[in-house]
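Novice: Each chain, written out:
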Amino acid sequence: MPIKKPAAIPSSEITPKATYLNRRNFLAGAVIAGAAAATGVAFRDLAAPLLTVRANAKIDGLQKSAFSTTEKETPYKDVTNYNNFYEFSTDKYEPADLAKNFRTRPWTVTIDGEVKKKQVLDVDTIIKMAAPEERIYRHRCVEGWSIVVPWVGFSLSELIKRADPLPKAKFVEFTTLYDPKQMPGQRTSVLNWPYVEGLRMDEAMHPLALLCFGLYGEVLPNQDGAPLRVVLPWKYGFKSAKSIVRIRFTGDQPMNTWQQSAPSEYGFYSNVNPNVDHPRWSQAKERRLGEFLKRPTLMFNGYDQVASLYSGMDLKKNF
Amino acid sequence: MKGIAEVRSQKSDCRSKTLSTVRFNFCNLTFDFCIRMNRLRLTKTIVFLAALVPLGRLVWKALHDGLGANPIEVITHSTGDWTLILVLTTLAITPLRRITRQYWLIGVRRMIGLFAFFYGTLHFLTYIWLDKFFDIHEMLKDIAKRRFITVGFSAFVLMIPLALTSTAWSIRRLGGKNWQRLHRLIYLTAILGVVHYTWLVKADRRKPIEYGIVLSVLLLYRVGVWVSEKASERRRRPAIPAPAGSRPEVTKA
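Going down the list, the protein sequences come from chains A and B.
Here the numbering used here is used: position 143 in the first sequence is 143, and no number is missing along the way.
Basically the numbering used here = 1-based index in the second sequence + 1000.
Everything labelled a hint here was simulated from the structure, so no lab data went into it.
Among these hints, one or two may not hold up.
[To be verified] Within a straight-line C-alpha distance of at most 20 Å, the following computed SDA-like cross-link-like pairs (lysine to any residue) qualify:
1. Lys1141(B) / Ser282(A)
2. Lys1207(B) / Tyr93(A)
3. Lys58(A) / Asp124(A)
4. Lys64(A) / Glu158(A)
5. Lys1202(B) / Arg280(A)
6. Lys1132(B) / Ile1072(B)
7. Lys1202(B) / Val190(A)
8. Lys1044(B) / Gly1056(B)
Take these sequences, add in the hints, and give me the full structure.
Specialist: Right under this line is the structure:
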């Protein structure tokens, strides 16, 4: 049986050698063009400057505080470029840029719950309630790093006294602004927004608890929690709520956001405690930014004057 | 700008089969550079240099105060990220070369695998040195107690035999089959690596999930290939054996 020869490929279908070679050249060209583009991106990445401009208004008439530490302050550029502020981003280097157009005026704070008179206060009214102090505090993050910051503010108790809570009020709850348009991190469900934190009344009334609106003698930079935040130096950083819009007095212990997110890892108290590890990492040591070796973490972050608030409590259970 | 550059192997330009010419067209001027190596060696050189870029970037930033407030954290995260990326890249080679029919890709797999081990070693070194300061006791406690460290450490340890047996001599010595079996450990390393990342993040699991998705696709591809091969094997075998009753009697000899 004759076997039919396959039809010859018409010469029109044969790719000319030059074109064939060109395909490779194109590929190689594409690779090199890609590399060139990558180099451009890399250059921007390598040359990216940190925001170190100090453009915020100075705060006059600062008083010194006996609570201040004499330890070396963490440079301004680190305090303002390394921020855990999940409302903007979970990347610590991004809030500085993402918060640069954040509107902090007009700004009001709602005071409600178990108080004699519920009211909405302008942030500038609150800031003028007492004389501003500079308080240089150690600040320990639950992640294992720490900084020393010259905050500006006055004791939170000054505001609480004026708010006049009822005897029923056993706790204070702070709520951060919820505004996904301005705070891109709130467009993700990384945490349950808005961010909520809380304190027991006696903790909130402790003179160390700071109502803060500045650092380094200037108005608080946006990425550090402007215009109004609290600073609780004996607790892990996340307890110090930022950009506060609501202060609610309540009889029940508030459910703070991180506890809600992972109850086995973050408790209500969250006092700095080298003897109680985070389930996933040790809290015995910390890295002070700018230092190479780790240093031991101190009980209550070295603020022993708060110890009496917790006498008789099992701090392993109430972590 | 027109075509930027082209690479080709040609006798005429470089007077040898094994040479490559890199031709740059820039503003209608053509520059030819003869590179004294063959195509695979050229590709390998490019891959080698590219794989050093993440390290170079870290060194450059370290020298120019560019690592930010917590340099050690940046170094830890970056070396960890690149270990995972390169492990996933080695796993992508087989699917890529089959799908694109660019079979030469196998030629760069070993190098990428060794770079994955290199970045894994750097990652482990930053942990044992800059986090634990060579306190072996602390480290062992960590490995036993913290599950994300346990799996991360396991993923790293599993890469050691693969790096040690990456030579052609080892392949001959072990025999292709055994060597291949041993090197399947890379699947475990990749899985443990992704689990390590997932377990260490505080709340934002988006990045570890991205790595997890890429890994799943690469593993599912292999499952798909395995299943279809099994199926075609079955098709090639003789048809279903005849029912027992109709089987012819076997007569004793």
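Novice: Are the Cα positions of Lys1207(B) and Tyr93(A) separated by 20 Å at most?
Specialist: With a Cα-Cα distance of about 16 Å, the restraint between Lys1207(B) and Tyr93(A) holds, given a limit of 20 Å.
Novice: Does Arg280(A) sit within 20 Å of Lys1202(B), going by the straight-line distance between their CA atoms?
Specialist: 10 Å, holds
Novice: Verify the proposed pairing of Lys1141(B) with Ser282(A), using a straight-line Cα cut of 20 Å.
Specialist: Since the Cα atoms of Lys1141(B) and Ser282(A) sit roughly 10 Å apart, the hinted pair holds (cutoff 20 Å).
Novice: Hey, Lys1044(B) versus Gly1056(B), does the alpha-carbon distance stay inside 20 Å?
Specialist: Between Lys1044(B) and Gly1056(B) the Cα gap is close to 18 Å, so the pair holds against 20 Å.
Novice: Take a quick look at whether Lys1132(B) and Ile1072(B) sit within 20 Å of each other, Cα to Cα.
Specialist: 12 Å, holds
Novice: Is Lys1202(B) within 20 Å of Val190(A), Cα to Cα?
Specialist: Holds, at about 10 Å.
Novice: Would you check the hint for Lys64(A) and Glu158(A), treating anything up to 20 Å between C-alpha atoms as holding?
Specialist: Answer holds: Lys64(A) to Glu158(A) is near 17 Å, not above 20 Å.
Novice: Is the Cα-Cα distance between Lys58(A) and Asp124(A) 20 Å or less?
Specialist: Roughly 15 Å separates the two Cα atoms, so the pair holds.
When the structure is compared with the earlier hints, no violation turns up for any of them.
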